[in-house]
Each structure stands twice: as structure tokens, then as C-alpha cells.
Amino acid sequence: MTKLTATRLSETPGLNPRPSRKKPLLKKPLLKRIAKGGFVAALPFLAPALAAYVVFVIGPMFSAVRLSLYKWSGFTTDQQVFVGFQNYVRLFTKDPVFWTAVQNSIIWVLLSLVIPTSLGLMMALALNRPVFGRNVFRSVFYIPGVLAPIAIANMWRWMYNPNYGIFSDISKTLHLGDGSGVTFLSDPKVAIYAVFAAFVWQVAGLNMVLFLAGLQSVSKELVESAKLDGANAWQVFRNVTLPALRPTVVVVLVLTIVNSIKVFDLVVGMTGGGPAQKSQVLALWSYTQSFLNHDFGLGNATATVLLLITLVLVIPYMIWSTKGNED
Amino acid sequence: MRLLAKGVAALAAVALLAGCGASASTTSNDSGKTTVTWWTINQSSPSADAQIDKIITDFEATNPDIKIERTSRAVDAHKDALRTAIGTSAAPDIYNYWAGPGLGGELVKANASADLTEYYKQYNWQDRFTGAALNPVTQYGGYQGVPWKLNGEALYYNKALFAKAGITKLPTTIDELNDAAAKLKAAGITPIEFGGTVNWHVMRLLDTFLEGYCGSAKFDQLVTKKANWGQEDCVTKSFTNLATWSKDYLNPGFIGINNDESSALFYNGKAAMALEGDWFNKNISDQKVNMDDFGVFPLPTGTGRLYGFEEAEYITKDSPHKDAAAKFLDYLTSTKVQQEVLGTFATQSVNKAVTPKSGGNALSTSWDSIFKNAKGLYMNNDQNLSQSSTTEYWRIQNLVATGGMDPNQAGAEFQKFLDSNN
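Top line first, the protein sequences correspond to chains A and B. To convert, note that position 100 of the first sequence is 100 in this note's numbering; the numbers rise steadily by one, no gaps. To convert, note that position 93 of the second sequence is 1093 in this note's numbering; the numbers rise steadily by one, no gaps.
Worth double-checking, as some hints may not be accurate.
From the structure, some residues in chain B lie toward chain A, with a derived Cβ separation under 10 Å [what the hints assert, rightly or not]:
1) K1054
2) E1106
3) F1371
4) I1396
Derived DSSO-like pairs (lysine-lysine); straight-line CA-CA distance at most 27 Å [as the list claims (entries may be wrong)]:
5) K1033(B) to K1067(B)
6) K1225(B) to K71(A)
7) K94(A) to K1225(B)
8) K1247(B) to K172(A)
9) K1169(B) to K1033(B)
If you are wondering where the hints come from, they were derived from the structure by calculation, not from laboratory data. Note that beta-carbon positions come from the ideal geometry of N, C-alpha and C, so glycine has one too.
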């Protein structure tokens, strides 16, 4: 049997799974490149969106960084006092919750990159075949993704309720106790994972839809060709489907990172960061510092750290992705 | 260019409309009425909510030139909304808030509230309110706010469950309370219910232990940072008792459920005690259960002080409708209205001319006695401490309650935070 290799696939005309890494033909000065690229002509059309972006995104971002250098209670009636990097020193050395929030945020991102993405891909592969009830299943899996996160939080909080929840009922039905042992949200070691389960339920369907869209771009001819060459299902997936899904995978991973690092609603709705701040995450801790503790300096320092982490994680992906498109 | 011009015109129109919308809430409306905006916390029962609506309707009927526009929010949403609105045109004319230094005091410090001395003179409010009710609104100098309700907190209990556990005498010390809880547990009954999601319900238990084990003087020194939390044995004893109660006597999973859910355990006879305020009378009666099945006794700290807090109605410093707002507050705290609502929001009125209801239920009668016999007041610690200290107090409390921290370390851990935030 002929073994299908990536080399053979790359030799197939027009079906190179790896985009070429050609350098731009000319390195013209920036202004010339902008002029040639039609940027000036596009500017009037871009201006309204750009203005909104500056006012509602860039402006608040700079404002947050600026406020992280001040001591301020958040009231417009209260004076802002410049304290330099004092808030960052407090955050890194004296804040009893910050490092727990950092740790939980990292755990959340790592788990998000593995569990809901894999589940989404598996569901997409399963439902990309002509199986009975395919559209119904697609809808069912997608529905959690369109529900408000706070509604999902309420729903799962009830499911976890040790007195009336479904897990408690199952435990009683299976004679595993009186249900009172079902304390997922009360256990400091388990709470963050219990909330994460709700997140998986929420986003796996969304990932599935993205992967399904990506799967439509996989050439049927190439799959057939691979099968004729004797490739088994895994080899077809590994050498044909997965390379063709590369842009989709990038989009899913970037969206997953962004969505998971800014997770807020589910944690607020299910645990409020508790018990004992053990399910605290950076976005919620920033909010808590500012709006509950009346410490906008510390809250914005937390938000700035969160911003930097997000940029460090997302910018390499964006550059890589943009280069791919330009090529 | 024409497209650009149209876009600019559209943006200008939107800005103009937005500007009109923003100013509408702070000026008199077209019909010549003055609209007074009033932000309140959600009431604890539907009947209390209906009572507030009735007060507004009655006031508007006798004052046709004033319209009261009430916005009610959950506790945390109320705090957030005030924070973002104070000092802007979106601020209400009147806001309802707790009067303790950690909450109402912080807003006073932030210049959110107006000094109402001139209205106290105009309406003779100095003579209207009890001394206990006036203390919290005069502690910052001048008159910051108008007393609305003074709530006491105590232990509600299920008489049948106490009898079943063989408890014949109500506890008067923390040690006796510990014994009662042990008896209830031995009888297969959940001794007390709590919902832990918002922290302040479990905090009541810890505050009680602190007052009981440390005594009044030391308790006051601790909350005013005049005593060291890490060096007091009574603090360690209190946290140790909290750990015991959390493990053995509270409803399982209490940290992960909210207080409404846990209260159902008390109403349904599945938990023997609830540490609640006098507003809880109304909650019980709303459940259509027999009020005589329940009793209430003071927190057995042995100090004689009442555990509680006051809520006041504050007029914002920048309110353009101070006169109308003061007129409404005069009506709200008048003897007529306070007599009508007695028992709905609190069992005792802040208005000293209001007389206790005759023929009230046994719970109301018990509360009359609790207030009458109280030797002073100690407030909930989220009222005493600053917001950031409260957040840390709750974190340590919950760590101890869930077994995540050795109770012997708790006092020192809290002191470390207080020291680093000075």
C-alpha cells in the first residue's frame, strides 16, 4: 500500500497545505505603500468606525492605564492622586487575591484551548457526515452559545444546588447519599472547574459551527484522492482535513484565548469569585477592586496586567495570521 | 463629501438627543411637576415593595406638583450604580443606604451627601427621631441623611425542632449556643441555615462570636483598628468556633447557595435556626406558615448589646430638587406613615412618636422586648470596616469556613492586610 505523505500532498497542484512564506516583493517606504494600497481612498469610509473605535476602545484603554498610576475611589467628587507604580507594587506583593486570579485565568485559558476546542472539532466532524437528524443536533449543540452567559450561570447554579439540583437528585437516585455531598460550587478546590464545565457547555457548540464552516472548504476531490491512495480515516484527517482547517483553527484558538481570558459573567453568576476568592479570575478581580472595594487604582492596574497578558498571547497569532493572508 | 456631511449631521443629532435624554432626569418635566428620583435597595418581600409604592402614591396624591420616580436594585447593583452616578447628572435626588462608617460613611466622605441641617430645622426632625436613630446620621458632623429604619438581628428558631432536640432553655451565652447546636445535630436536625454566596450572612455568625468571646470593648477596638487582630485570643477562639459551626452545624454546601434558597430550609422545618433581622417576620408571614411555630431570641453574646444597623435616606449634594426631596422625606418619616408601615420594614420605628402595634404576633412582641432590653448597639462588620477590608474579612471568614485556613492564622492574616493598607 502506498503511504500518503505530506510531501506527496504538497506536490499536488494548488493544494499545498502550508502557505508559502514569500517575502513581500518590494519594501517601499510606509507612506508610499499606504498610498498605493488605497488607504487614502478608503479613509472616508473607515473614518466613522475608526472614530468609534478610538472613542470606545482605545480611549478607555489608555484611561485604564493612566488610572493605574493614581489613587482614586472612583467618585467624580474625589480627587485623583498620582502614585506612580505603587499600585503595581501593591498588586504584586501585597494583594492576597491577585496571584490566585492569575493562576485561575491561566488554568482557564489552557483548559479552554484543549477541551471546548477539541469537543467542537469532534462534534463538527461527526455532524459533517450525512447522519440522521444532523441539523437538529447542530441546532441543539449551538443553542447554548446564543444564551446570555448570566442565564447559563443561573441554570448551572441550580443544577449544582445541593438541595434541589439535578446532580443532587442523580446522587440520591443512585443511592450515593442524600445529595448533600454535591457541593461543587462550595468547594474551594473544585469551584473553578465547576464553573468551567458551564463554559464548555456554552462555547463547544460555537466552536463546532466555526469548524463546520471550515470543513466546507476541504476539497472533496482531495479527500477522495487520499482515500484512493490508501489513506485510512486518521491519515485523511491528519494530512488533508487538518491542514485545510488551519485558518479556522487559528480563528477558533484566538477567539478561545480572548473569550477565556476575559471570562467574567459566568464566574460572577455562579460563585462571585468565591468561595474565599478561590474561583477569582483577573477580569472579575479588576471589577471587584474598582467597583466593590472602591480602589480604582488597583482595579485598573489589574486591568492593565490583563491587557498585557492578552496582547502577549494574541499578537503573535494575529501577526502570523496576517502574514498568511498577505502571502 | 455629501455623505460625510450627512454623517456629521446624523452624529450631531444623536449627540443632541443624548444630551436631552441626560438632562431630562434632573429637571422638572413638561407638565410642571418636579420629578424627584429615588434609588432604593430591593425590598426583602413583595408586601414591603407594595407598601413603598403605596407611600409614593399617597404622597403624590397630596402633592400633585411632585412626582417620585423610584428605581430599585439589588444590593451590589445599587452600590455600583451610585458609585458611577454620584457627582454626575445621572445621580438621583435621594438614595437609600446603610448608615455605618464602612458604607454610608464612605459616600459622605466622597461628598455624595448633602448636609441637611437646614431641613432638620425647617421640619423639626431633631425632635422626631429616637436618639439611637439619630446617632448614625450625626456621626460625620451636621446631619447626613434622614433615618429610615433601624434593624436589629437575632436568632429565629423553630419551636418544634428545639423541643425535639430537648432544648428547654434559650441560650444566653455562646457556650450555651454551642451546646444547643450540638443537641440539634445529635437529633438529626440541621442546627442553622445560611446562604454564603454574598458573604454577609455568614459574617453575622462570625461577628456574633467576636462580640461574645471578645466582649463589647474589645470588639469596638478591633473594628476601629485600635486592637491587633493577630494578638487577641478571643479572635482565634471566634474563628475556631466558626470552623466548627461550618463543618458541623450549617446546612451542607451553604457557601455555594444564596440566602433565599437557604431560608427555604428554615420555612420548611429543615433547619432549626436562622440568623436574620427583624424584617424576617414579614418574610415568614409571606410564606403563609403559622407564625406561632417560630420564635426569636437575642444573639447570646452575653454583652447585652443589640446587633444591627441603620438605613438612612440621603439627599445628594448636587440635587437640584432638595426642597421637594426633603418634603418627601418628611412625609416618609412622618408619624402617620411610620405607624402604617410598622412591622413591614422593621419592628421598631425610627420615629419616637410611633407606638408598638397592639395585638401583634409573638415574634413582634419578642422584638419589642429585644429592642427594649438592649444595652447599646454593635454593628455588622461590613458596616464597620472599609469596603476593601470587608472583602478581605469575608475572604478569610470563608477560607476558615471551608477548611482552607487554620483558624489560628486567621486573625494574623487579617491584621496583615489592615497593616498593608494603612
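Do the hints match the structure? See the list:
A distance limit of 10 Å between C-beta atoms decides the matter here; for K1054(B) the minimum to chain A is near 31 Å, and the interface restraint is violated. For E1106(B), the shortest C-beta to C-beta distance to chain A is roughly 6 Å, which falls under 10 Å, so the interface hint holds. Evaluation of the F1371(B) hint against chain A yields a violated restraint, the C-beta minimum of about 32 Å exceeding 10 Å. Nearest Cβ of chain A to the Cβ of I1396(B): about 8 Å, under the 10 Å cut. The hint holds.
Only pairs whose Cα atoms come within 27 Å are accepted, and K1033(B) paired with K1067(B) is accepted, the gap being roughly 6 Å. Annotation: proposed proximity of K1225(B) to K71(A) holds, straight-line Cα distance about 22 Å (limit 27 Å). A distance of roughly 19 Å separates the Cα atoms of K94(A) and K1225(B); the hinted pair therefore holds under the 27 Å criterion. Taken as a hint, the K1247(B) and K172(A) pair is honoured in the structure, with Cα atoms around 22 Å apart against an allowance of 27 Å.
Simply put, K1169(B) and K1033(B) have alpha-carbon atoms about 59 Å apart, too far for the 27 Å limit, and the pair is violated.
In this structure, the earlier hints numbered 1, 3, 9 are contradicted, and the remaining ones agree with it.
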